[in-house]
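Using the sequences and the hints given, assemble the complete structure.
Going line by line, the protein sequences match chains A and B. For the first sequence, my numbering assigns the number 1 to the initial residue and increments by one for each residue that follows. For the second sequence, my numbering assigns the number 1001 to the initial residue and increments by one for each residue that follows.
Be aware that one or more of the hints could be misleading.
[Unchecked claim] Between beta-carbon pairs, the in silico distance windows are:
1. A/541 - B/1223: 53 to 59 Å
2. A/414 - B/1170: 49 to 55 Å
3. B/1165 - A/596: 34 to 40 Å
4. A/480 - B/1223: 29 to 35 Å
5. A/502 - B/1202: 45 to 51 Å
6. B/1167 - A/511: 54 to 60 Å
Hints were generated in silico from the structure; no laboratory data involved. We put the beta carbon where it would ideally sit given N, CA and C, even for glycine.
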Amino acid sequence: MWRYRLLSVIILLLFSVSSWCQNTVFSVNASANKMGVKDQLQVDYTIQDAPNLRSIATPRFEDFVVVAGPFSRQSSNVSIMGNKMVQSISLTYSYILQPKKTGTLTVPSTTAKDASGESYQSNSLTIQVVNGSLAKQEAPSNDPFDDPFFQDPFAAIRQQQLARQRALAGAHQPKQQPAAQIDDKSTMEEVYKNLFMRATVDKTKVHVGEQITVTYKLYTRIPMNAAISKLPALNGFWTQDFEIAKGGALKPEEEIVNGKPYQVFIVKKSALFPQQVGTLTLDPAEAQGTARIVQRVKQQNPFGDMFDMDPFFKQAISQMMQDPFGDMFGNAYKDVPVTMKSAPIKIEVLPLPENGKPKEFGNAVGTFNIASKVDKTKLTTDDVLTYTVTISGSGNLKLIEPPVLALPNGLSSFEPTVIDTITGRTTTISGSKIINYSISANVPGNYELPSIPFTYFDPHTSSYKTLTTEPIKITVDKGKHYNPKQDQKTLIADLHPISTKPLSKLTLQSTPLFFKAAYWSMYALPLMAFVGLLVWRRKEEDEARNSHKFKNKRANKVALKRLSTAQKYLQSQNHAAFYEEISKAVWLYLSDKFSIPLAHLSREQAATTLQQHQVDAMLQTRINEVMNTCETALYTPQSGKQQMQHTYEEAIDIISKLEQVIRK
Amino acid sequence: MKQIVVILITLLIGGKSIANEAIPYNQWWSQANRFYQKKSFDSAVVYYEKIARYQPSNEVLYYNLGNAYYRLNKIGYAILNYNKALRLKPDYNQASDNLALAQNRIKGRLPELQEVFFISWWNQLTVPAYASSWAILSLVVFLLLLGVIFWNKHKRQVVIHQGILYALVVVFLCVLSLTYVSAQRNNFSENAVVVMDSAVFKMKVSGKVESVPEGTLVTIERKENDRVEVSLPDGRVGIIDTTAIKII
Chain A
1 MWRYRLLSVI
11 ILLLFSVSSW
21 CQNTVFSVNA
31 SANKMGVKDQ
41 LQVDYTIQDA
51 PNLRSIATPR
61 FEDFVVVAGP
71 FSRQSSNVSI
81 MGNKMVQSIS
91 LTYSYILQPK
101 KTGTLTVPST
111 TAKDASGESY
121 QSNSLTIQVV
131 NGSLAKQEAP
141 SNDPFDDPFF
151 QDPFAAIRQQ
161 QLARQRALAG
171 AHQPKQQPAA
181 QIDDKSTMEE
191 VYKNLFMRAT
201 VDKTKVHVGE
211 QITVTYKLYT
221 RIPMNAAISK
231 LPALNGFWTQ
241 DFEIAKGGAL
251 KPEEEIVNGK
261 PYQVFIVKKS
271 ALFPQQVGTL
281 TLDPAEAQGT
291 ARIVQRVKQQ
301 NPFGDMFDMD
311 PFFKQAISQM
321 MQDPFGDMFG
331 NAYKDVPVTM
341 KSAPIKIEVL
351 PLPENGKPKE
361 FGNAVGTFNI
371 ASKVDKTKLT
381 TDDVLTYTVT
391 ISGSGNLKLI
401 EPPVLALPNG
411 LSSFEPTVID
421 TITGRTTTIS
431 GSKIINYSIS
441 ANVPGNYELP
451 SIPFTYFDPH
461 TSSYKTLTTE
471 PIKITVDKGK
481 HYNPKQDQKT
491 LIADLHPIST
501 KPLSKLTLQS
511 TPLFFKAAYW
521 SMYALPLMAF
531 VGLLVWRRKE
541 EDEARNSHKF
551 KNKRANKVAL
561 KRLSTAQKYL
571 QSQNHAAFYE
581 EISKAVWLYL
591 SDKFSIPLAH
601 LSREQAATTL
611 QQHQVDAMLQ
621 TRINEVMNTC
631 ETALYTPQSG
641 KQQMQHTYEE
651 AIDIISKLEQ
661 VIRK
Chain B
1001 MKQIVVILIT
1011 LLIGGKSIAN
1021 EAIPYNQWWS
1031 QANRFYQKKS
1041 FDSAVVYYEK
1051 IARYQPSNEV
1061 LYYNLGNAYY
1071 RLNKIGYAIL
1081 NYNKALRLKP
1091 DYNQASDNLA
1101 LAQNRIKGRL
1111 PELQEVFFIS
1121 WWNQLTVPAY
1131 ASSWAILSLV
1141 VFLLLLGVIF
1151 WNKHKRQVVI
1161 HQGILYALVV
1171 VFLCVLSLTY
1181 VSAQRNNFSE
1191 NAVVVMDSAV
1201 FKMKVSGKVE
1211 SVPEGTLVTI
1221 ERKENDRVEV
1231 SLPDGRVGII
1241 DTTAIKII
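Below, the structure written as structure tokens:
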């Protein structure tokens, strides 16, 4: 047993020495060192642990054509070398090359420079290029002697020796070692006894929002080289990682598990804040890598069966004996791939107690302090005031809802801007949440920014605690753009709520009436009706006026006709008929002339009508005389021819006179 | 006769209603309101806009939409929709209150020129929403005028004095011109709202390029292809991109 120990100490020493003296490694590797001219070659330029790398010069491939590349990739790798955990970051530039000719060709070296001006030179490689293609020939490589798992004693020993030599030649190329797979279950069990990962939590029963600290640790008793391959997703939690010493080496802690000392490395330490009630599961974390195990060569014990060995084997043994660090005691070591997985952990999340929960509770769980300040206390209506509320302490800072400001009328604020800063990451997550409210004033005056109540749940005492800020007095003056009309409108503190009455009937926006034909037809129709009515009335009136005129015109004709008949009677001395005709002529004339129906016409009516028409008195008395003569003559049988002639002339004279008077 | 008049008036004023029963606007409406109350304002906006796409003359829709945009902090669109609501109903107090709130949140709001009183009177009289009222009033005055003329003719003598008749003619012409202007304003909105944050504005006279804050109400002076000549509330005239503004 002590031999094992000694060996591992020696190896560990070597590892650490080599890792100390050569921090930055710049190397070039090719996928093959022998190839056909038709094959393609992958060349990787890898620079490892070069801080502040500035540039890598493009290599000048003289014998090759660059088919593809460069492709860059970055990988980080946590490995344990000696008693140190080293996180190394390597940057690889890959090229796919095609040789131009056959023969021994050189993959050139190149240089890299870092910020401090130091330059690193890579090695160069020689590649043998033959005619044709080797790719096919290499494919059926299942040659039993090439198979590292073939139970050939020579091969096994050669393999081990090769591996050891490589391991001793350079610890910076650990990945190049062919990973020897070990099928032997018991060996792997042994490995996992000495190398495992564990997740620990400080508590498994918490309230919503209460901090849980989870630590993923790697326990090891053997040299190994591992990188985390899968980080837990941690669904249902708000996570904040604790700081683990940055980048550089971490001193492992010693921990005794089952009576054995282990070196313990903290892989990840996080503060978790559950966000939902129920049983939440912490996913396992996974790490993959290789472990170097010391193994007794079981097949052939070189010491036990020394004399049974064939010459070849003897030679191998003697070679081993020459090796200063060789397996003097018949032990070998192997690199085995290992996968470590932590066990999942169940966390029970309890809801926060409902009783005593204040209305303004904003999901804060932890221990906090609150402070508030303003950038000015005097401002104008044009200015914007910044009101800063700082919540500091430890707990689920990021999940705290910013408190709502209850501003007095006349002041208005926009949505606050929130800045979360996490300052402490040692044992609890602490920091501050800075909430900036921009407040503008619409109306000048004196205001008081009210105190803000802030409630948090203290998991230590399992109770709610409420803090309040001090109220702040501010003075607002009129600004340049102050518009008193406007402030009357803005007196409301918040929007009027929306209307939720169902839309009765959705009418579309239509063209205004003015541009509608129907509207104008409303004008046109009455207008047309109006014009039509007017025309109709006009026509009727015209007709009426025409009959009047006609009568007027007819008057003379009728009178003359009557008078001519009267003249006939005068000649024939028909006494009664003559006077009747004269009387009719005058009466009809008057009736037609003044549009008075004959039935209405009386002596008095005639007199007033004549008066109206301003017929002079002389004429009126003459008319009366003629009327009288006619009336009396009707009843006195005899009158002279002279008298009749006189009356006849009088009637003609009266009518012509009247005609003149009325025409005027 | 009365019935005919009623039918005619309703035919004239009532615009087309959404005839297609397949448009479940009331369903969208209640859904949008529910989203709004659940504070998922972006979903509410989607449903309100679904109805608004048909450009209904429903001020409440635009008012609610404005509220939703306000809650989403899209001040430009909030102001646009409040203005749309007020265009349909000028005495919509809730909308004007909320508009004032929204305008208060314009960053770097431009000062407004005070209008001469008679111009603001004129503008208030010819509000687009009054277009149909003016149209009906002018029709009534016209009919009254016809009636008076007819009455006078009928009676063969002057019953109503000539002076009144002339006054009626003047009133009719005034109302008709008010009708025309408000109809014109109704048909072509001359106002727009800047909906882009700090839209580029190129001054007409000096050619200087400045930025106009989101939510600024501008008056359209002239339209070109993709650029519009607008005047700002402070009286400056310049050219702005069409995509930066939305017509009310």
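Status of the hints after comparison with the structure:
1. A/541 - B/1223: 53 to 59 Å: holds, 57 Å
2. A/414 - B/1170: 49 to 55 Å: holds, 53 Å
3. B/1165 - A/596: 34 to 40 Å: Holds: the Cβ-Cβ distance is about 36 Å, inside 34 to 40 Å.
4. A/480 - B/1223: 29 to 35 Å: The hinted range 29 to 35 Å holds for residue 480 of chain A and residue 1223 of chain B, with Cβ atoms some 34 Å apart.
5. A/502 - B/1202: 45 to 51 Å: For residue 1202 of chain B against residue 502 of chain A, whose Cβ atoms are near 46 Å apart, the range 45 to 51 Å holds.
6. B/1167 - A/511: 54 to 60 Å: With Cβ atoms ~31 Å apart, the hint is violated.
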